[in-house]
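Colleague: Residue 522 is where the sequence shown starts when you use this note's numbering, and the numbers rise one by one after that.
Check each hint, because a few of them may be wrong.
In silico SDA-like cross-links for lysine to any residue, where the CA-CA straight-line distance does not exceed 25 Å [as the list claims (entries may be wrong)]:
#1 Lys-687 - Ala-670
#2 Lys-687 - Pro-648
#3 Lys-687 - Ala-745
Derived from the structure by calculation, the hints contain no laboratory data.
Since this is a predicted model, take the numbers as computed values, not measurements.
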Amino acid sequence: MSGFLGLTLGVGLALVWMAWWVPDSPSANRSAWMTGLQDDLIRAGAPGVTTLGLIGTSSAVGLLVSLLGAGGSGSLAIGLAFGVIAGRAPFAFVRARARRRQHAMRDVWPEAVDHLASGIRAGLSLPEALGQLGERGPEEIRDPFLVFAEDFRASGRFGDCLDALKTRLADPVGDRIVEALRITREVGGTDVGRLLRTLGQFLRDDARTRGELEARQSWTVNAARLAVAAPWVVLAVLSTRPHNAEAYNTATGAVVLAVGGIASVFAYRMMVALGRLPEESRVLR
Numbered sequence: 522m523s524g525f526l527g528l529t530l531g532v533g534l535a536l537v538w539m540a541w542w543v544p545d546s547p548s549a550n551r552s553a554w555m556t557g558l559q560d561d562l563i564r565a566g567a568p569g570v571t572t573l574g575l576i577g578t579s580s581a582v583g584l585l586v587s588l589l590g591a592g593g594s595g596s597l598a599i600g601l602a603f604g605v606i607a608g609r610a611p612f613a614f615v616r617a618r619a620r621r622r623q624h625a626m627r628d629v630w631p632e633a634v635d636h637l638a639s640g641i642r643a644g645l646s647l648p649e650a651l652g653q654l655g656e657r658g659p660e661e662i663r664d665p666f667l668v669f670a671e672d673f674r675a676s677g678r679f680g681d682c683l684d685a686l687k688t689r690l691a692d693p694v695g696d697r698i699v700e701a702l703r704i705t706r707e708v709g710g711t712d713v714g715r716l717l718r719t720l721g722q723f724l725r726d727d728a729r730t731r732g733e734l735e736a737r738q739s740w741t742v743n744a745a746r747l748a749v750a751a752p753w754v755v756l757a758v759l760s761t762r763p764h765n766a767e768a769y770n771t772a773t774g775a776v777v778l779a780v781g782g783i784a785s786v787f788a789y790r791m792m793v794a795l796g797r798l799p800e801e802s803r804v805l806r
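Could you put the whole structure together from the sequences, leaning on the hints where they help?
Modeller: This is how it looks when you write it as structure tokens:
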């Protein structure tokens, strides 16, 4: 009997441990990464580009730079090192552009919320108020709302048009606005104007605070990026001389490049983790 109780206790503890500590499946992690990458492409202004297309472009760029670097320097290790760096460039470009556009959207969302609240207060229906943002709203967000108005005129299905609008915006603030309007449409309510005014004030305070913090830390982040890039710029200059490049054709040279690459990646990731402000994630997809 005691053995059975001990076995039961052990199984229970194992199940509790698995519930807390077993990581997500690799397929789930890949799916989340692909979804985030697709959101970045939409925010970067390239909704027609697929994640597989971006991955293929990055692989082609990395391979091309590896071949050119190996041929120009005479060292395969140097060519591979710069190929890996170049292969990351398309991802970095997309994410940087997406981040810039999201920052621009953060500045115009309060104005868009004010337009939406004014339209609702003036007696417009929810679809009409959203459609007005495509004509009179901030320039940066007009296109998605113009498409929403066209979709609603063509189908008349408010919920489906809201889902498509969320996909085109790919923005957490847009998700909150859309879901608030969806609930108002489905269950009714008279506080949507007050809700939107409160949200607009919150967005203004958040944008002002973030702007001050980003202005103070921008020089630190740029200096850290320069510090990470400087050794590789020096390596590129040294590799133009054949006798310098020959040193990296040995096993020791390849190990030095690998260790330097790992250290650079680790330092950059630490810099990003410590210096970047937390971004709001899309929890209302």
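Colleague: None of the hints should be skipped; say for each whether it holds.
Modeller: Structure-based check of each hint:
no.: 1; hint: Lys-687 - Ala-670; in the structure: 14 Å, holds
no.: 2; hint: Lys-687 - Pro-648; in the structure: 14 Å, holds
no.: 3; hint: Lys-687 - Ala-745; in the structure: 35 Å, violated
In this structure, the one hint that does not hold is number 3.
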